[in-house]
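Enquirer: Here's the letter readout for the chains.
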Amino acid sequence: MQTVSYRLVTIISERTLRDKLIDAVHRLGATGHTLADVKGEGSRRHGLGMPGVSAVKIETVVTSEVADRIASYVAERYFEHHSVIVYLQDVEVLRGSKYAPHNDEA
Amino acid sequence: MLDILLTSLLSPVVLAFALGALAVAVKSDLEIPEPLYQALSIYLLLAIGLKGGVALSKTPLGEVVGPVGATFALGVLTPLTAYTVLRRLGRMDRTNAAALAAHYGSVSAVTFIAAQAVAAYAGSPSEGFMPALVAVLEVPAIIVGLLIAYARGERAGSWQEALREVVTGRSIVLLVGGMAIGWVAGEEGTAAVAPFFVAGFQGALMLFLLDMGMTAARRLRDLRSVGPFLVAFGVGMPIVHGALGVWVGLLAGLSVGGAAVLGAMVSSASYIAAPAAIRVGLPEANPAYYLTASLGITFPFNLTVGIPIYLALAEWLGA
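One line per chain: the protein sequences are R and S, in this order. Sequential numbering from 1 applies to the first sequence in the UniProt record's numbering. Sequential numbering from 1 applies to the second sequence in the UniProt record's numbering.
Isolated chain S (complex conformation) (with noise of 0.2 Å):
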C-alpha cells in the first residue's frame, strides 16, 4: 500500500500537479493562458476517445458489455447515495444536494486520465477500452441530479437546456467523436496520427495537471466559505464510491488495473460536464458548493491519495 501511494506520487503527473499548487502557494507569476488550457482539453479528451475507438474495434463485443452495464448502474447509483448521504447527514437544502448529487455521480475525465496514467506507472494497465466508461459514466448522474431536482416543484432553469449541455457538451463531442474516428480507422488508420495523439499524450497530461494544480489551489481559499461537511463529504464519498468501483468492477470483469481505474471514475466529481449542465438547469444551486467541493477538494484528494487507495484495493481484492 505505502508502496503504490509512494509510486503515484512520485510519478511526474502527479508532481506537476503539486508543482502547479506550489506555484499558486509562492505567488509565482507562472501563468497557462486560457486558450492553452483549452487547446490542451481537447487534445486530451479526442486522444482518449481515439485510443478507446482504436481498442474497442479490436475488443469482442462480449469483453465490453457487463463493465459497460456495471458502469452505467454506477451512473444512477452514486448520484442517489450522494443525495442521500447530503441530505441526511449534511442537512443540506434538496437544491444544492441535487446539484452536487450530479457532479459526485458524473466523471471527471482528467481523474480518469490520471489514473490510467498512474495504474500503467505503477505496473497494472487498465484495459483499452475504459474511455468507452467514461462516455457512459458522464451522463446518467446528471440527469438523475436533475430528475430529483424537477421532481419537486417550479425551477429557474431549463431541464431540457441543460440535458442539451450535457449531451453536446464538448468532452462528450471529443471522446464519443474520437471513439468513433479510432473505431473507424482501426490502427493502421490511426497509425499515421499516432505520432501526435499517443507519443505526446503524458507530456501534455503534465502540462495540463500543472494548470489544473494551479485552479484547485486557487479554489483552496474558498474552504472556509463552504464549511467542514462538505470538505469530509469531499473525501469520504469518493472513498465509499471508489471503493464500491472497484469491486464491481473486478466483479464485472474487468482487470486489477482497470477495476482500479474504474474505482477512479466512480469516486471523482465533474467539473467540466456537470458544472455547465448544472448552471443551465438548476441555476439556484450555489456554485461555490459544488465546484469547490469537486474541483478544490475531491481532485487534488484523488489524484495524491485516493487513486493508490484504489489500487491497493484492487490489487487485494483480485488476488
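One chain only, chain R, in its complex shape (with noise of 0.2 Å):
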C-alpha cells in the first residue's frame, strides 16, 4: 500500500476559539479538519469549567510547512490569554494527493 508523509497537527482549546482556529487552519493552507468535543483540564483550568462549554479538539492533516505556519499562528495569536495546546506528529497517510495545500496561500 503506498503511503505518503505528512504531518498531524492537534490543536485541543477552549471552546471560545473554535470557529476561529478553524478559519485560520484553513486559511493557512489546511485542506480539510477533522472537529471533537473533548474535556479536560490544563494548566489553567478554567475555560473548560464553564457551563455547557467544553473544549474543542482540532485535527487536521497537513504538509510540514503549513503545519509550522499553523503552528506559529496559534502560539503568537492565542497562547498568552487562552487556554490552548498544539502538537505536531509524523503520519503515514493513504491518498496523499487529498492533503496537498490549495494554492490561494500556499
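No lab work stands behind these hints: they were computed from the structure. The reader is advised that the hints may include incorrect statements.
As the list claims (entries may be wrong) - FRET-style restraints, in silico, Cβ to Cβ:
no., chain 1, residue 1, chain 2, residue 2, range
1, S, ALA191, R, ALA100, 54 to 64 Å
2, S, ALA194, R, GLU92, 54 to 64 Å
3, S, THR81, R, ALA100, 53 to 63 Å
4, R, HIS81, S, GLU34, 42 to 52 Å
5, R, GLU80, S, GLY123, 46 to 56 Å
6, S, ALA199, R, ALA100, 40 to 50 Å
7, R, GLY32, S, VAL167, 30 to 40 Å
Stated by the list, open to error - Distance condition first, Cα-Cα at most 30 Å in a straight line; then the derived DSS-like pairs of lysine-lysine:
no., chain 1, residue 1, chain 2, residue 2
8, R, LYS57, R, LYS39
9, R, LYS39, S, LYS27
10, R, LYS20, R, LYS57
11, R, LYS57, S, LYS27
12, R, LYS98, R, LYS57
13, R, LYS20, R, LYS39
Bear in mind that the values here come from a model prediction, so they are computed numbers and not experimental data. Quick reminder that beta carbons are idealized off the backbone N, C-alpha and C, glycines included.
Once you've looked at the hints, go ahead and assemble the two chains, each given alone in its own frame, into the complex.
Expert: Next comes the structure, spelled out in C-alpha cells:
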C-alpha cells in the first residue's frame, strides 16, 4: 500500500476559539479538519469549567510547512491569554494527494 | 420573611439544585451529559421567550414602556456600581474589575426563570412580559464593562467581536426569537406547541437545576483561590443590586411578584452570555474570578437566600 508522509496538527483549545481556529487552519493551507468536543483540564483550569462550554480538539493533516505555519500562528495569537495547546506528529497517510495545500495561500 | 424563605427553599427547583450539589459532595457517579445540558438550556430559553411573546401580544404598550426603561437604566447603572466597589473596596485591577462588572450588571437567565417559578410558587406571580426585560437587561452591562476596559489603552481582545458575541449569543437569539414567534403567533397560534413548551417547563427546569447544582458545587473548590473579598462581593453586591431592582421595579409600576423577579434579575450575575463575550473581548481578565464569583457564589446565594429576600422586600415595600 502506497503511503505518503505528512504532519498531523492537533489543537486542543477552549471552546470560545473554535470558529476562529478553524478559519485560520484553512486559511493557512489545510484542506480539511476534524473537530471533536472533548473534556479535560490544563494548567489554566478555567474555560473548561464554563457551563455548557467544553473544550474542542481540531485535527488536520497537512504538509510540514503548513503545519509549522499553523503552529506558529496559534502560538503567537493565543498562547498568552487562552487555554490552548498544539502538538505535531508525523503520519503516514493513504491517498496523499488529498492533503496537498490548495493554491490560494500555499 | 421566614415563611417565604422556607417556601422557596422547599420548592422543587431549589431542592433539585441542592440534590445536584449533594451528588458532587458525595462523589456520586451522577452525570448530566453535555448535549442534554445544551438541549435543556435551548428549551428553557425558547420556552420563556415564547411565553413572554404571547404575553406581550396581549399587553398594551403603555404598560411595558416604564418597566423596559427602568430595566435599561439598571443595566447601565449596575456595572458602574459593581466596578466602583471592586476598584475602591476590593483594590482590584482595572481589567478584572471591568470583566466582573460586566457579569454583575448583566443577567442570569436561569436566576430569572427560577425567581419567576419561586415567586409563582410563593403566591406572587410576576408579569407575563418579564422575559422582554431579561433581553433588555442582558446586553447594556456587557457593553459598559467593555467600554470601561477599552477606555484605557490597547487590549488583546476585539471589542467588535465581543459585541457580536453578545448580540448573536444563544441566549439573546433564543429569547428574542422566541418572543417574536410568540408575539406573531399569539395565544391561539402557540396552543399547538403549548403542551410541550408550557406543560413540560417546570420539569425541564428541575433537571436543569440539578445540573446547575453540580456545576456550582464543582466551582466551589475554586473559592480559596479567589480570596475572601470576592466571596463577600458575590454575596453583598447582589443584595444591594437586588434591593435597588425591587425598589425601581415597584416605582416603574410592576406588581409585587414582578418587582421581586426584577430584583432577582438585577442582583444576578451572568454566566453564559457575559463570559462568552468577555473571553473574546477581554481575554486578559482571569476567568477564575468571574466564573467562580457568578456561578459558584452569587448563583447559589440568590437561588437559596436572595430570591426570598427580594420577595419579602417587594411585599414589604409594595404594601
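Enquirer: Tell me, which hint numbers fail for this structure?
Expert: 4 and 6
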